[in-house]
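If you follow the hints, you should be able to join the two separate chains into one complex; please do so.
Protein chains in written order, with this note's numbering: chain B, 1 to 95; chain V, 1 to 492.
No lab work stands behind these hints: they were computed from the structure.
Predicted, not measured: the structure shown is a model, and the values here were computed from it.
Don't take every hint at face value.
Computed list of lysine-lysine pairs in DSS-like fashion (alpha-carbon distance at most 25 Å, straight line) [said to hold, decoys possible]: (1) V/K241 x V/K85; (2) V/K259 x V/K399; (3) B/K29 x V/K85; (4) V/K419 x V/K308; (5) V/K51 x V/K85; (6) V/K419 x B/K29.
With the C-beta cut set under 10 Å, the calculated list includes, among others, these residues of chain B facing chain V [to be verified]: (7) R16; (8) E30; (9) W37; (10) V44; (11) N45; (12) E50; (13) T53; (14) P55; (15) V66; (16) D74.
What the simulated footprint calls covered on chain B by chain V, stretch by stretch (three residues with Cβ under 8 Å from a Cβ of chain V suffice, anywhere in the stretch; the number is not a length) [unchecked claim]: (17) 2-9; (18) 17-24; (19) 76-84; (20) 88-95.
Beta carbons: idealized from backbone N, C-alpha and C, even for Gly.
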Amino acid sequence: MSVDKNTVRKVARLARIAVPEERLDPMAKELNGILAWIEQLNEVNVDGVEAMTTPVAMTLPMREDVITDGGIQDQVLANAPRSEDGFFVVPKVVE
Amino acid sequence: MTNLTQLTLADAVDGLKAKKFSSQEITQAFLTQIEQSNDVLNAYVVVTADKALDMAKTSDAKLAKGAGGRLEGAPLGIKDLFCTKGVRTTACSNILGEFTPTYESTVTQNLWDAGSVMLGKLNMDEFAMGSSNETSRFGPPSNPWRRKNSNVKLTAGGSSGGSATAVSAELCLAATASDTGGSIRQPAAFTGLVGIKPTYGRASRYGMVAFASSLDQAGPLARTVKDAALMLEVMCSGDDKDSTSLHLPVPQWTKSVGKSIKGMKIGVPKEYRVDGMPEEIEKLWQQGIAWVKAAGAEIVDVSLPHTKYALPAYYIVAPAEASSNLARYDGIRYGARQSGDGSLTSTYETTRATGFGAEVQRRLLIGTYVLSAGYYDAYYLRAQKVRTKILQDFEEAFKQCDALLTPATPSAAFGYGEKGDDPVAMYLNDIFTVTANLAGLPAIAMPAGLDAQGLPLGLQVIGKALDEEACFKVAAAIEDAAAFTARPEKWW
Chain B
1 MSVDKNTVRK
11 VARLARIAVP
21 EERLDPMAKE
31 LNGILAWIEQ
41 LNEVNVDGVE
51 AMTTPVAMTL
61 PMREDVITDG
71 GIQDQVLANA
81 PRSEDGFFVV
91 PKVVE
Chain V
1 MTNLTQLTLA
11 DAVDGLKAKK
21 FSSQEITQAF
31 LTQIEQSNDV
41 LNAYVVVTAD
51 KALDMAKTSD
61 AKLAKGAGGR
71 LEGAPLGIKD
81 LFCTKGVRTT
91 ACSNILGEFT
101 PTYESTVTQN
111 LWDAGSVMLG
121 KLNMDEFAMG
131 SSNETSRFGP
141 PSNPWRRKNS
151 NVKLTAGGSS
161 GGSATAVSAE
171 LCLAATASDT
181 GGSIRQPAAF
191 TGLVGIKPTY
201 GRASRYGMVA
211 FASSLDQAGP
221 LARTVKDAAL
231 MLEVMCSGDD
241 KDSTSLHLPV
251 PQWTKSVGKS
261 IKGMKIGVPK
271 EYRVDGMPEE
281 IEKLWQQGIA
291 WVKAAGAEIV
301 DVSLPHTKYA
311 LPAYYIVAPA
321 EASSNLARYD
331 GIRYGARQSG
341 DGSLTSTYET
351 TRATGFGAEV
361 QRRLLIGTYV
371 LSAGYYDAYY
381 LRAQKVRTKI
391 LQDFEEAFKQ
401 CDALLTPATP
411 SAAFGYGEKG
421 DDPVAMYLND
431 IFTVTANLAG
441 LPAIAMPAGL
451 DAQGLPLGLQ
461 VIGKALDEEA
471 CFKVAAAIED
481 AAAFTARPEK
491 WW
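The shape of chain V in the complex, shown without the other chains (with noise of 0.2 Å):
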């Protein structure tokens, strides 16, 4: 038999109902792996060991009468932003302490209804704000990928970086991650693996620890484009808890994998060839193009002319939502207080500085500035008003194509402190990702290929809104094409 922890969840799902193996068995190969390796590639913050052979047990259960949801018995790898009943849930901030949810969130829920396993939490960006998993209380995680004939440490991307070290270095089938900027979909490309963010509304954010609300978007990281499909169509849900779900069925996106491409028309934007992009980020387009058109999609250049405002906008309003979202975290109800001078002030003040990293920090203090008497109409406003022009430059696109291709980051992973200590250089990794944010649609990250030192390279489909189907099969058709088989080499 193969090795357990490198099937596809598909695949693994499938053995599991065909009784090839017990879920008790696969859940102890994923807890053995970690156990092996969490040390080095920092993955997990929380290990669930003894929950996750409690949970394999159940299902082990329900399997053998022929029983058991979609997922039933996969164990999966859950982002630390999501809460989790009875298990520490710090979205990787200081400031939360040892906090235990006493609830769950509608995304972990829906995946618990569906049978699958809980193995731990993994590591992020501390409140997903990041796109190294450098500002983690927790320390960031190694990405299993390695630089041919070099041992210098990279980023496994952020926020998600933890879930995407995690799917890639086989510490779990699959993994929940989110995305306000781009923090699946960096991240998925930097490890070579499939990330997609689904239309805002379509995922539940109740029980998901607050970062940007109008942007915020849960979605999975995976192995394979049917993968992604499996775990999105189980995440999302409308759920009266969170208001801002959208109350519609959720479609069968399996059945899209693997749909022919013919006749699709693929929109290429010109604004997405920047300044500075590597010859090889250029190439792997090219190809993708290459690849679509081959599939008997047709190709139709698109202009989308305030893309260049998007990462500036962006900087105003996640801040912004950040600053009202995080006021809540002043040590009175849960996390970790301090005192200061004994006074309520200084217990606020005092609690926030030390419980807040310093990125986290910077954007409180700039999300605080841009709200502040005077300043909302020529920020705030003029931000959300640039949003709409960026939505409608989609619409037009999408009145002459059905979904956009482009890549998904302006480089490979790259190590850590490489960009050095200017914080707009780290913000330009979004570059790609960042519009489908603010617009509110679809976007897939799938691997395409490899630069010439070894490291996953990814392309981006955006769709229209509620079009998730355009993402997956045209993301299925580049997969198919590229062929990408190449994994990490083990050296941990």
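Next up, chain B with everything else stripped away, as it sits in the complex (with noise of 0.2 Å):
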């Protein structure tokens, strides 16, 4: 499978990063380039394989469904690149 521009375009959309038009070529050969290399992994046989998820079998912790933390506005405001009023100022999105 090897990437083109256009999929360069639509991927770079999807990760929310402007990628300039010139750049686009050059990208798409720098991630053919990485997925060349990755696709040895088809070599391998997994069937029947299940996909890994721990070394050290756990299961997931349960806890109470209780309240643990809040009541700190202004720590999670604390780093806002804009803030009003006890909230985050956000470039408009309804017209």
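As structure tokens, then:
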């Protein structure tokens, strides 16, 4: 499987990264280099093999469904690029 | 008195407890060294001098009363991947801007609870993606080691290059680091240090900036095997804030150091002999085998047939998980925002295009591609199944032996730019280390000798899951036999 300029454009959009038009071809070349190298995995017979989860068998821990954190609005907003009146300020999304 | 900055962590802790010197004295000694050297070495990206002296003062008060924790008063460096309350943490990425956490990572909290002192935050590859520390927004550090009769600037490895530089150049007693594909062990090998990645789940990932969650593990970089054991004991803990954390007692690894390896079976995997590997690495490996044999261990030839698939599998799993983890950096809640044309989509796309460096962008695109509709089974799911095969290889090998001995890296430290611009050539650095991440196993790197150009080379011991003890025992036996005392000649 190899990627072309249009695939890179689509993937960049999905990843929300602006890739300038003139970078699409070089980027496709770079990605193809890596993907061609990754293709060797097709040599491995994985029929009936389970996907790896963890080397040490464990069950996900459960806890009481209670509130353990909160009431820290100032901390949540402390690193906001823009905030006002206790809210994050974001670009307008509804016309 | 010997120079305080040259002490091992264990000796410094003992000296502090015996009141041979104070925490303020040793902390000031390190701060002075940092001030003199950091412009050249670029190990620290933040120096917390005032905080360090405050913490040292508190430690001295405890030590005066004969109280204090296991690392009371010992000055450490912290990789910029660990969130530190009130101290800028950016994983050396522009996208995090001046992010200053309002909370503390569990690993660093454990270190502060044990009384250690924070000197500052250490340089690293952006989001730990790299093997040379060149992808840092702050530029790379300089390896204190140089080739004989050469002033070519060498990498200290990556991604924990700042941690390796700082410990090697005596800018801290020991440092925290993290290892997703070899980011502790490769820098250790490049700078003549000891570094261990524990079994997945031993160290909490809470407050550690995430790269690839199923692979990331914290661990220390230190000057001796004993120091590494001491650091790891303090860093590890079961943690309710990390659902993949193992709630198991932390063994007393410091007591494993120095235990006899007589009768242990050490496996030598034939697949770790790779094409183009320098003669010197092979020689070092044979020397290591001879050392453990002389210490009474038995050598067993083993096979790990899926070794060559480890790196390609890693370059699916790690970018896929990274693309998901790094989706949070959108410029809205924290970090540096770029508005683009002012629309929401443009804000996201411009923020991420300016905030992420080239290597991170490349991996995010790979990760997004392999997870995109129609490709998930062919790439990610297949890679996760190959991981199972790699783990099964280890489980088979461990039926015949107690631990594995391999080289740590396929070469000594290289110069900046010497790998060209082929990303795959850089990725091959992790060929011996990445298998332990994929299988979640503990693995330690320790110095074993110098190459013809006077650069350190390391060996690696891989243990069974949860058997860090075997790693420490064998590493200490090799450390003993190698009697590695070389230090970089001070040029900075």
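Given the hint that V/K259 pairs with V/K399, does the C-alpha gap stay at or below 25 Å?
-> holds (22 Å)
Hint status (Cβ of B/R16 to nearest Cβ of chain V, threshold 10 Å) = holds (4 Å)
Satisfaction of hint between V/K308 and V/K419, Cα-Cα up to 25 Å | holds (20 Å)
For the pair supplied as a hint, V/K419 and B/K29, is the alpha-carbon distance within the 25 Å limit?
-> At roughly 18 Å apart (the allowed maximum being 25 Å), B/K29 and V/K419 satisfy the hint.
Would you check whether B/D74 satisfies its interface hint, that is, whether its CB is within less than 10 Å of any CB in chain V?
-> holds (8 Å)
Count residues of the segment 2-9 of chain B with a Cβ under 8 Å from any Cβ of chain V, then say if the count reaches three.
-> holds (count 3)
Chain V contact restraint for B/T53 - C-beta distance below 10 Å | At about 8 Å, which falls below the 10 Å cut-off, the nearest Cβ of chain V leaves the hint on B/T53 intact, so it holds.
Interface hint for B/W37, Cβ within 10 Å of any Cβ on chain V = holds (5 Å)
Holds or violated: V/K241 with V/K85, Cα cutoff 25 Å?
-> Distance ~16 Å between V/K241 and V/K85 Cα, so the pair holds.
Given hint B/P55 near chain V, where the shortest CB pair must fall under 10 Å | Cβ of B/P55 sits 3 Å from chain V, so the hint holds.
Does B/E50 meet its interface restraint, that is, does its C-beta lie within less than 10 Å of any C-beta in chain V?
-> Holds. Min distance 6 Å.
Within the assertion that chain V covers the segment 76-84 of chain B, do at least three residues meet a Cβ-to-Cβ distance smaller than 8 Å?
-> Three-residue rule met by the segment 76-84 of chain B, so holds; n is 6.
Of the numbered hints given earlier, the model fails hints 3, 15; all others are met.
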